[in-house]
Each structure stands twice: as structure tokens, then as C-alpha cells.
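All chains, full assembly: derive it from the sequences and hints.
Heads up: the protein sequence lines correspond to chains A and B, in order.
In this text, residue positions in the first sequence follow my numbering: the first is 11, and each later residue adds one.
In this text, residue positions in the second sequence follow my numbering: the first is 491, and each later residue adds one.
Fair warning: there could be bad hints in the mix.
Claimed, not checked - Think about it this way: if two alpha-carbon atoms lie no more than 30 Å apart in a straight line, the pair counts; the simulated DSS-like pairs of lysine-lysine are:
no., chain 1, residue 1, chain 2, residue 2
1, B, K639, A, K95
2, A, K90, A, K168
3, A, K102, B, K639
4, A, K122, B, K639
5, A, K108, A, K90
6, B, K639, A, K116
7, A, K102, A, K145
8, B, K639, A, K76
9, A, K87, A, K108
10, A, K90, A, K69
11, A, K76, A, K108
12, B, K639, A, K181
13, A, K95, A, K116
14, A, K142, A, K90
15, A, K181, A, K95
16, B, K639, A, K90
17, A, K108, B, K639
18, A, K145, A, K90
19, B, K639, A, K145
20, A, K168, B, K639
21, A, K87, B, K639
22, B, K639, A, K69
Stated by the list, open to error - Now the in silico label distances, taken between C-beta atoms and shown as ranges:
no., chain 1, residue 1, chain 2, residue 2, range
23, B, V596, A, T50, 30 to 40 Å
24, A, Q106, B, V586, 52 to 62 Å
25, B, V596, A, K69, 36 to 46 Å
26, B, T648, A, D93, 26 to 36 Å
27, B, F628, A, S52, 19 to 29 Å
28, A, D93, B, S649, 25 to 35 Å
29, A, D93, B, R574, 50 to 60 Å
30, B, S616, A, L92, 26 to 36 Å
31, A, K181, B, R574, 42 to 52 Å
32, A, P82, B, A588, 55 to 65 Å
33, A, G128, B, V593, 21 to 31 Å
34, A, D169, B, T648, 12 to 22 Å
35, B, L569, A, F73, 45 to 55 Å
Said to hold, decoys possible - Calculated from the model, a selection of chain A residues having no Cβ within reach of chain B, i.e. all distances over 10 Å:
no., residue
36, D49
37, T50
38, I114
39, K116
40, K142
To be clear, the hints were calculated from the coordinates, so they are not data collected in a lab.
The C-beta atom is built at its ideal place from N, Cα and C for all residues, glycine as well.
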Amino acid sequence: MPRNGLLSCALLLMSSQPALAAPAPKPQAPRKSVVAQVDTVSCTIRSLHGSSAPGGVDKRLRFLRKQLSRPPFSAYKTIKLLDAKQLAVPQKATRQIKLPTGKILKLTFREKLLERRGQVRLRLHLSITPPKKTKFLPGTVYTIADRGTLLVAGDRYKDGTLVVGITCQHK
Amino acid sequence: MASRDDRDLQRYFDGELPARRARQVRERIETSPDDGGRIAALESMQEAVRDAASHAADRADFDPLWARVQRGIEREKPLPLGERLGYWMRRWGVVVAAATAVVLAVIIVLRPTDLPPPRNDVVIESLDVGPEAVGTIFTISDEAGDTGKTTVIWVTETSAEGEQ
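Here it is, written out as C-alpha cells:
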């Protein structure tokens, strides 16, 4: 037998040893049919427009009225709700919407965190960028109390500033 | 007029004599045929009365009586709400008050000792802003004061390209 043939046989024998020595597989317990429950957050993305035109704070933003009446937002004479879009974001998934500025807001639900007394916090990844670009806000990771609101502002829009409110609630 | 012995005999029959006197009367009955005969007569009379009453009760028809009682109950007007409340308050008021006090005490003892986390409480773990942009993180106190703060990420683009 040529030398290479001997080597091949030896290698084959060595590789088969573990299989021969391995114990018989244990009988597996019947697998339960488990429906994977995917955590999901329901998010509301509000686009607010702050401008110097007189008008006051939009009545639909009553829940943010105190915050919007303090600096730096108090510099705007008008804060108007442009739109409010709903996003259902499953865990580990990313959903996106287009903002009035044309930028794309992407939201990823990373995980749900449980605090004392069962209070829920959410870890999210947010980005607001022009389409196919990495400008403005390529990414931020934050945790927030369930139903809490994060404000992202500074994007210039028309004669004022766009303020984006991200409110997420665990389902 | 009945003699004292007759009265004692009658009271003995009715079981009303003190023990000592009853023992004396019993001895007399056992030794005196007259007294024994009187007791036997009393027993016969009692049995006759009992039988007569029993037969009369068997023959009596109580249905009309119960029907009248039923009609009377139905004719009775329900008590006004105020009177009913007063009745229930008199009957159960103390119990209800005590139960309420216990529940309130439990709630007070078991209530959380610290406030829940602020509603808009945010922790920014990482922030990446684009080139030619500056990111600032600050908080605004809401009406709850220090316990409730809303976090703001303010991104300022330094280039004119940021304008839409």
C-alpha cells in the first residue's frame, strides 16, 4: 500500500474512534410545543414643529405642556403637532418611518428590563439619519421607563425646529 | 279547697317540688294506695288530654290559615330605602366600619415606601452623532419636580447641509 494510503487509513480510523466510543444516545423527552412569545413595544412617534410664529402649544401635546413651556422650548411661540405615527416593534427588530424633514427614523427594540416590583424598562436603539447616510443621529442606545417619552430635537425644519417625541409601551 | 297533701301531689306530678319534698311525697305514694290512685288518675287524665289534642291537630286544616298569612306577607309594603339602610347600618354598621379600618390599616402598612421611578426616566447608554454635528443631552423637569425629568437629545448640525 502506498504511504499516502496508509496515512489515509490511519486518519480514518482516528476520526471514527470517537463515534465508536460514544455512548448510545439517550432517549429524548417529548418536546413540548412552545409558542415563542415575542416581546413587542408599541411606539408613538410624534413630530413637533417649534417656530416663532404666535400660536402656543398644540392642545394635543397637553401631556408634554410642562416640558415644552420650559427652556429651550419656551423660546418657541408655537409648538405644533405635525403628525403622530404608530410603530409596533418586535424584540430585536427594527422599524422605520419617514419624518417631515425627509430623514428616516429607525427604532430597534433591544430588550425589556425588569426593575423592582415588576416595573418595566425598555432598551431601545434609535437613529435619525438622511436616507442612506449616517448624518445627524446615526445611533443612540437608551433605556427608558415603560411609556416614557424621549425627545430628540435640533433638526431644522421650515422656519423652526423639528422635535421628535418617541414614546414606547411594552405590550 | 285542696289540702296541702293534694297540692303537693299535684306539684309532684308536675315535677315542681324540691328534691327533698318530692322524695317524701314519692314515699307516701308508694305506701298509700289512695295517693297512688290519685297519681294514676292524674296520669290517665294527662294521657287523655294529650290524645285529644293530637287528634284535633290531625283533623285541623291549616291551609286557609297559611294562605291568609301568605296574603298578609304579600300585602306588606317594602320598607323605604332610608329605613332599610338604617336597619342595615344598625345591624352591620359596626362590622363594616371595623372591616374598613382593617383594610385601610393593611394598605397603609404595606404601601410602597418610595415613589415609583419617574415616568420619563431615561438613561442614554451611548450617543453617536454624525459628522459636523454636535449632540447635547439635557433634562427638563416636569411638574413632578426632581422626581420626573424628560430627557432631550439636541443635535445641532454645523453644516448648511442639514437644512431641509
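Now for the hints, and whether the structure bears them out:
| no. | hint | result |
| --- | --- | --- |
| 1 | B:K639 with A:K95 | holds, 24 Å |
| 2 | A:K90 with A:K168 | holds, 13 Å |
| 3 | A:K102 with B:K639 | holds, 27 Å |
| 4 | A:K122 with B:K639 | holds, 21 Å |
| 5 | A:K108 with A:K90 | holds, 18 Å |
| 6 | B:K639 with A:K116 | holds, 24 Å |
| 7 | A:K102 with A:K145 | holds, 23 Å |
| 8 | B:K639 with A:K76 | holds, 11 Å |
| 9 | A:K87 with A:K108 | holds, 26 Å |
| 10 | A:K90 with A:K69 | holds, 9 Å |
| 11 | A:K76 with A:K108 | holds, 27 Å |
| 12 | B:K639 with A:K181 | holds, 24 Å |
| 13 | A:K95 with A:K116 | holds, 13 Å |
| 14 | A:K142 with A:K90 | holds, 28 Å |
| 15 | A:K181 with A:K95 | holds, 17 Å |
| 16 | B:K639 with A:K90 | holds, 22 Å |
| 17 | A:K108 with B:K639 | holds, 27 Å |
| 18 | A:K145 with A:K90 | holds, 25 Å |
| 19 | B:K639 with A:K145 | holds, 28 Å |
| 20 | A:K168 with B:K639 | holds, 29 Å |
| 21 | A:K87 with B:K639 | holds, 22 Å |
| 22 | B:K639 with A:K69 | holds, 21 Å |
| 23 | B:V596 with A:T50: 30 to 40 Å | holds, 36 Å |
| 24 | A:Q106 with B:V586: 52 to 62 Å | holds, 58 Å |
| 25 | B:V596 with A:K69: 36 to 46 Å | holds, 42 Å |
| 26 | B:T648 with A:D93: 26 to 36 Å | holds, 28 Å |
| 27 | B:F628 with A:S52: 19 to 29 Å | holds, 27 Å |
| 28 | A:D93 with B:S649: 25 to 35 Å | holds, 27 Å |
| 29 | A:D93 with B:R574: 50 to 60 Å | holds, 57 Å |
| 30 | B:S616 with A:L92: 26 to 36 Å | holds, 28 Å |
| 31 | A:K181 with B:R574: 42 to 52 Å | holds, 47 Å |
| 32 | A:P82 with B:A588: 55 to 65 Å | holds, 57 Å |
| 33 | A:G128 with B:V593: 21 to 31 Å | holds, 23 Å |
| 34 | A:D169 with B:T648: 12 to 22 Å | holds, 20 Å |
| 35 | B:L569 with A:F73: 45 to 55 Å | holds, 50 Å |
| 36 | D49 | holds, 19 Å |
| 37 | T50 | holds, 20 Å |
| 38 | I114 | holds, 13 Å |
| 39 | K116 | holds, 13 Å |
| 40 | K142 | holds, 13 Å |
Going down the numbered hints, you'll see the structure goes against none, and every one checks out.
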